[in-house]
Amino acid sequence: MKRHLISAADLSRDDAVLILDTAEELARIADRPIKKLPTLRGRTVVNLFYEDSTRTRISFEAAAKRLSADVINFSAKGSSVSKGESLKDTALTLEAMGADAVVIRHHDSGAPHRLATSGWINGSVVNAGDGTHEHPTQALLDAFTMRRHLEPGTGGGLDGRRITVVGDILHSRVARSNVLLLHTLGAQVTLVAPPTLVPVGVATWPCEVSYDLDAVLPKSDAVMMLRVQRERMNAAFFPTEREYARRYGLDGDRMARMPEHALVMHPGPMNRGMEITAEVADSPRCTAVEQVANGVSIRMAVLYLLLGGASPGEAPAAGTSAAPSAAPSATLSAPTTARTEETDR
Amino acid sequence: MSKTLIRGAQVLGGEARDVLVDGETIAAVGEPGAALPADGAEVVEAAGHVLLPGLVDLHTHLREPGREDSETVLTGTRAAARGGFTAVHAMANTFPVADTAGVVEQVWRLGRESGYCDVQPVGAVTVGLEGKQLAELGAMHESAAGVVVFSDDGKCVDDAVIMRRALEYVKAFDGVVAQHAQEPRLTEGAQMNEGVVSAELGLGGWPAAAEESVIARDVLLAAHVDSRVHVCHLSTAGSVEIVRWAKSKGWRVTAEVTPHHLLLTDELVRSYDPVYKVNPPLRTETDVRALREALADGTIDCVATDHAPHPQEDKDCEWAAAAMGMVGLETALSVVQQTMVDTGLLDWSGVADRMSHRPAAIGRLDGHGRPVAPGEPANLTLLDPAYRGRVDPHRFVSRSRNTPYADRELPGRVTHTFLRGRATLAGGEPA
Ligand SMILES: [Zn+2]
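For the protein sequence lines, the chains are A and B, in the order given. Numbering-wise, our numbering puts 38 at position 38 of the first sequence, and it's gapless, one number per residue. Numbering-wise, our numbering puts 1262 at position 262 of the second sequence, and it's gapless, one number per residue.
The shape of chain A in the complex, shown without the other chains:
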């Protein structure tokens, strides 16, 4: 695996499957009474959030803490650091504090890439959502959720599965990361949206595009509904909320046209009555809550694999028995070791 996770495109199929499999192992531990592993003891993970996202920050924080890392939450939102140079200065500060990983959420596309490639810091950078670019851990937790339901077991991808992503593709970092990751995992992705919410240039993406939700639903193994901000209406992306909901929203009638086994997914927060009706959101087919839970396992796996992949000499003194070795192939055994330690307690 690469040292940073900026884009879903950074992941090979093997990388992606390894993360999903590792997350499965870690999820099992989460079911035990003592959830904490000593794996990243002595390591520092910084949550650098330039944009409010309590859900994502808490998810990363829980993941890091369950791996025994020291967590520093740095919220840049609302403080004087909102422009340019501050990212550099903040990065230099974090570097001086010895951050092993920086989880960054930023309102500007490319900020995590810049942080990772500018030479300002040495630690790993994890993109927790940047502008309208990418949100790779969201795509990983979505794929994890899909695999659990559609292709249970480890070692495999989502080959041949047909995944439909519906909504504001143009402004969605979730959609971009999902298209890339699901394609890597062998799934066939179809994007559905009004043409105004599909980016010019989408033709080169590894997916299909349709403007007709009803035509796509019967062929879908999972349907992911993206949040659509009501304000988009004011910029003429669609005429009215009602028209959007009628043409692109998922209600009970539409859900009934999906195959029996097909999932309804939503990255949250949901706009009930807009892209999804309450009936669908609360139905057993909707995995929105499960996705949140899976997010912690996925983020544990990502932090574990990124930080564990550092050179053995950098392994922390404490908890060395549980520190993953440099070889990715050894990572699966590490949680096993960790489990042992847990039993030792």
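Do not take every clue at face value.
Simulated pairs of lysine to any residue, SDA-like, Cα-Cα distance not exceeding 25 angstroms [claimed, not checked]:
1) A:Lys88 with B:Asp1392
2) A:Lys2 with B:Ser1271
3) A:Lys2 with B:Asp1273
4) A:Lys88 with B:Glu1313
5) A:Lys88 with B:Asp1316
6) A:Lys88 with B:Ala1406
7) A:Lys219 with A:Gly157
8) B:Lys1247 with B:Asp1407
9) A:Lys88 with B:Asp1407
10) A:Lys88 with B:Arg1270
One-sided excerpt, in silico: chain A residues whose CB lies under 7 angstroms from chain B [as the list claims (entries may be wrong)]:
11) Lys88
12) Leu92
13) Gly110
14) Ala111
15) Thr132
16) His133
17) Pro199
18) Val200
19) Thr204
Keep in mind that the hints were calculated from the coordinates and are not lab data. We treat Cβ as the ideally placed atom computed from N, Cα and C, and that holds for glycine.
Position chain B with the ligand against the provided structure of chain A, taking the given hints into account.
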């Protein structure tokens, strides 16, 4: 009066000639070794070098007054001399805006004091570049600066009525309106060219149509009122088609292209490195090809640098927070050599036409863009086209270093620049 003998230079890339400069003018041009009255002259050995008329830039941001942290008239004109320019047009988007006779005269005077390059101020079209009320165009024309070119560059004169009136009004003194063509509503939040790359990077798109629609409107307006319109930094294949069509009608439209739009594409934005952030944005390979062809066939009249200095902190940040623009004076001729001359699209006399004669003609600049011939003003540029070297921003004489060419190998090097007979650049260094 001082004399300089430039020995064995290829005039406009042609046969080797000895050129004698006496005082402010070219005294004689002769076969190599011809008996020119060169006693006491300083000799410049120029075998293998190309001698061009001094370059003229229609589009330079000198930043003074107001942003002296990024450039001053002095540092900017030294950079111009380094790039082989003997005249630059200083854009009006300074602080205060160059929208009065007082400000344009101030800039003009600073240029004269610098002595490195003639500075011809561009006047704002509208007060404060606000696009609402015409600035006192006549007063700026009648000032010591003698403004001919008017532009709200940085902003588009998007109101069709204001644009029409400006085009009509400047006819009284043979002025020209230079338009920064950017439909503002179509480019709200725009960060880069809209297309395949912007879709992947999730950066707000700047569609080609936002440039082309304004150019189309403006050539129609210029035709309607029979005035002169100049298109700044034309950047798309579609814009080329519109200008070609307008010229085929005989309408008085001229256009410029920047060196960076002749060389670079939006693929570079994948690095999210703000040195590639510029307005109009870097476009696609198709556009680059169309721009080169249009410059070669004369549809695009000239190369203009859009030299836009910015301090380091305005580029040392995330993409969206960064300023738009690139410095260009010190690398322009090298980029043109690489993209136009070394590719066989243009010979050196073509370069003289596109970088000296035509921009001087558009700006109605006396004494620039003249033939290299006896009796003409000695505004000259001497370059070594065989030189190869990597661009080192730390060697720039500009106050800013926001170049997209750092560490890139570019051909050619300007060794001497003469402004009315005085060497403003000698041996590659400002003199
Ligand atoms: Zn401009």
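Status of the hints after comparison with the structure:
no. : hint                     : result
1   : A:Lys88 with B:Asp1392   : 23 angstroms, holds
2   : A:Lys2 with B:Ser1271    : 17 angstroms, holds
3   : A:Lys2 with B:Asp1273    : 20 angstroms, holds
4   : A:Lys88 with B:Glu1313   : 10 angstroms, holds
5   : A:Lys88 with B:Asp1316   : 8 angstroms, holds
6   : A:Lys88 with B:Ala1406   : 21 angstroms, holds
7   : A:Lys219 with A:Gly157   : 19 angstroms, holds
8   : B:Lys1247 with B:Asp1407 : 39 angstroms, violated
9   : A:Lys88 with B:Asp1407   : 23 angstroms, holds
10  : A:Lys88 with B:Arg1270   : 19 angstroms, holds
11  : Lys88                    : 6 angstroms, holds
12  : Leu92                    : 11 angstroms, violated
13  : Gly110                   : 3 angstroms, holds
14  : Ala111                   : 4 angstroms, holds
15  : Thr132                   : 4 angstroms, holds
16  : His133                   : 3 angstroms, holds
17  : Pro199                   : 4 angstroms, holds
18  : Val200                   : 5 angstroms, holds
19  : Thr204                   : 5 angstroms, holds
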